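From first to last, the protein sequence lines stand for chains E and D.
The opening position of the first sequence corresponds to residue 8 in the numbering used here, with each subsequent residue numbered one higher.
The opening position of the second sequence corresponds to residue 3 in the numbering used here, with each subsequent residue numbered one higher.
I should point out that these hints are in silico values taken from the structure, not numbers from a laboratory.
The structure displayed is predicted, hence computed values, not measured ones.
Cβ atoms here follow ideal geometry from the backbone N, Cα and C, with glycine treated the same way.
Accuracy of the hints is not assured; some may be wrong.
With a Cα cut of at most 20 Å, we get these calculated EDC-like pairs of lysine to aspartate or glutamate [stated by the list, open to error]:
#1 K119/D / E138/D
#2 K182/D / D231/D
#3 K82/D / E260/E
#4 K29/E / E136/D
#5 K119/D / D246/E
#6 K182/D / E77/D
#7 K182/D / D210/D
#8 K182/D / E85/D
#9 K119/D / E85/D
#10 K241/D / E258/D
#11 K144/E / E85/D
#12 K142/D / D246/E
#13 K142/D / E211/D
#14 K82/D / E159/E
#15 K182/D / D74/D
#16 K224/D / D253/D
#17 K153/D / E188/D
#18 K241/D / D231/D
Each pair of labels, with its calculated beta carbon distance range [stated by the list, open to error]:
#19 S131/D / P211/E: 30 to 38 Å
#20 E138/D / I381/E: 25 to 33 Å
#21 L394/E / E138/D: 44 to 52 Å
#22 F306/E / P48/D: 47 to 55 Å
#23 E138/D / L137/E: 48 to 56 Å
#24 I208/E / R88/D: 49 to 57 Å
#25 R70/D / D148/E: 48 to 56 Å
#26 E196/D / E32/E: 42 to 50 Å
#27 T21/D / V122/E: 35 to 43 Å
#28 G235/E / D148/D: 50 to 58 Å
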Amino acid sequence: MTTAARPRRVALPDPFRGMDRKRREKVILIGVILLAIVYPIVFRSLESAFPFIPWPGTSVLIICATFAILALGLNIVMGFAGLLDLGYVAFYAIGAYTTAFLASPHFGIHISWWVVVVIAVGAAALFGILLGAPTLKLRGDYLAIVTLGFGEIVRIVFRNLGDVTLALPAFLGGAVLIGPNANLTGGNVGINPIDPPTIPIPGPWGNAIVFSNQNPIASFYLVAVLLGITFLVCVRLRDSKLGRAWMAIREDETAAAAMGINTVTTKLLAFSLGASFSGFAGAFTGAYQTAIFAESFNFAVSILVVVIIILGGIGSLRGVVIGAFAVQYVNQTLLRYLGDQVLNDPIQALGASTGIALLRDFNLVNYNYLIFGIILAVMMIRRPEGLFPVETARAEMHGIGVAAEVTAGSSDELALAEEVTVVEGIEEPVAEETVAEETPPADRPGDVR
Amino acid sequence: MTAAAQPADGDLLVATSCTKRFGGLVAVSDIDFSIPRGSIVSLIGPNGAGKTTFFNMITGLYIPTEGRIMFDGAELTGRKPHEVVRLGVARTFQNIRLFGNMSAEDNVLVGLHHRLKGRWFEAILRPPSIIREEAEALAKARELLDLTGLKGRYTTLARNLPYGDQRRLEIARALPTQPKLLLLDEPTAGMNPEETRRLTDFVRRLRDELGLTILLIEHDMKVVMGISDRVTVLDHGEKIAEGSPAEVRADNQVIEAYLGRGAAGGG
């Protein structure tokens, strides 16, 4: 592994050798479910048995799963439909605030979370359409700027509506419609406490199971189920007529329209369905934390979700879920561990002896965005398609058709096929076509196979 | 074969005094044009003559500045591209515009898009009717790939296909929209003589076996002369000749447009 002669991508032994695709995916799925059930229970024992390993806590896994839901939603907009959205946090905020309005003492409304979550998803979807409708004609950079603005506006509106006075002008009588100084959103303080989801089953835990941050294990199971639902919905959307229409628009909007796809409604559906997952995650987060405040729905959240889907493999469902767990694990657990256990003390000591304030106050956790930036830059150069890209997933999934090309045999050849993909991703497709054109027909690899 | 394809029941498409201006540039100028049902009509002319602009007006990518286009009794002028497709006009593109990162069968399935009834919530709930519809659609897509000579290429990504196969896939993708009129924009561009011959035969079969009417933009004169029932020549946005391949070949103005003034005078 250390010698340069070995291929860059090291082939791991395949534990599923000989299994067909369906069987293998079933085994992996059951494994993941079992792990999700068992881990929160044994986490404490693992931590005390192997304290030198930075185990992620249950509450960290809840954050991971929440961001996996967010990433799956954004993946519909960016990965499937190819619409760059930098204001995705807005729908997260809308979902969370809808929950807060309808299940807290703030307005004195206490609707069950199980109903509220449906309303929150609907509200986010509605705002997805409101954002989508005026921006339909925009693409790329322009769309990114408008969505970025939308994300900031939503956050600032939620912050500023903590103190509203809306009155008719004096010549119309000056009647006060809202206020004076009405507190609609809690302003900077936010809304607190929000009713957590509950299931009225009495047991050793009391009269009902409460899914709040006081009860992380139960909450983790809830968010895991929500993630499972989201994942299933995304799989089905991807493999449907609508999923194909999204991808067709991503690949070539004009050609998609020429195939009879209504690009307007299809893009609006991407915005609203993508937004609804964000609302879903927001409804959970608000109720689980039992408190929300506007500043937590900042631009950095949008960026983090974008980073997750690019690292994981844009368009790849499995990729973005793994990406969410990886990024938030690093963000919440690994950096803290590395900082506290390894880096902080010596660097702070160095800062104290040299008098450099920057080093004296060093804490690795504060450098998380710098680190993600570096990882992202390296990824863009070395592996721009992400860690678990769609194409390799496809090559595996469609074992039958691709078998002739990728040769289902040794994993070394698979690794080679991946290498080729990387190169093709960077090269201009035009160049490829020209080559194909000039090659005499008999020599074409396609004909030989 | 050609005799059987003579127009029996009128024109499928009629364009009346169509003009398209881009600012000061007149790309297409006052063109009257019709396509008889069941015929193969070619549109030829030097580069920049306005052929593709004319295509784009028919398919709704451009709205004509003046004039109107009627198709099978329906007004096409000003319709959105997806509406034009639903009325029965399908097209391919001059520079191949496949969905590169989708498999061949998915490309064809996109062509089937508006024939499928499933709505977005049905995609999520996936009732038996949708499972059946999807299975039928996939079978249909593979059938079309077989028909166009792409058997065994079902799951290959479109961008990984050889050039000739990409051209064929573009046609395979246009067919499931069940068009009455198929517009082919330089279908043999970049093909070798053998591929060109196969494609020409295929286009003829589309007309004879599927009953399609075909409008062709083509630079390869061998193809144009061999396959067309009628040829229309554009130059600088204007129609300069129209008629059977033999008539057009003998037309002085056409020779002039292609070879320059001296050539016409000398010939």
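How the hints compare with the structure:
no. : hint                        : result
1   : K119/D / E138/D             : holds, 12 Å
2   : K182/D / D231/D             : holds, 17 Å
3   : K82/D / E260/E              : holds, 13 Å
4   : K29/E / E136/D              : holds, 19 Å
5   : K119/D / D246/E             : holds, 15 Å
6   : K182/D / E77/D              : holds, 15 Å
7   : K182/D / D210/D             : holds, 13 Å
8   : K182/D / E85/D              : holds, 14 Å
9   : K119/D / E85/D              : holds, 16 Å
10  : K241/D / E258/D             : holds, 14 Å
11  : K144/E / E85/D              : holds, 18 Å
12  : K142/D / D246/E             : holds, 16 Å
13  : K142/D / E211/D             : holds, 17 Å
14  : K82/D / E159/E              : violated, 34 Å
15  : K182/D / D74/D              : holds, 9 Å
16  : K224/D / D253/D             : holds, 17 Å
17  : K153/D / E188/D             : violated, 24 Å
18  : K241/D / D231/D             : holds, 17 Å
19  : S131/D / P211/E: 30 to 38 Å : violated, 46 Å
20  : E138/D / I381/E: 25 to 33 Å : violated, 50 Å
21  : L394/E / E138/D: 44 to 52 Å : violated, 36 Å
22  : F306/E / P48/D: 47 to 55 Å  : holds, 53 Å
23  : E138/D / L137/E: 48 to 56 Å : violated, 37 Å
24  : I208/E / R88/D: 49 to 57 Å  : holds, 53 Å
25  : R70/D / D148/E: 48 to 56 Å  : violated, 38 Å
26  : E196/D / E32/E: 42 to 50 Å  : holds, 43 Å
27  : T21/D / V122/E: 35 to 43 Å  : violated, 59 Å
28  : G235/E / D148/D: 50 to 58 Å : violated, 39 Å
Hint violations for this structure: numbers 14, 17, 19, 20, 21, 23, 25, 27, 28, all remaining hints satisfied.
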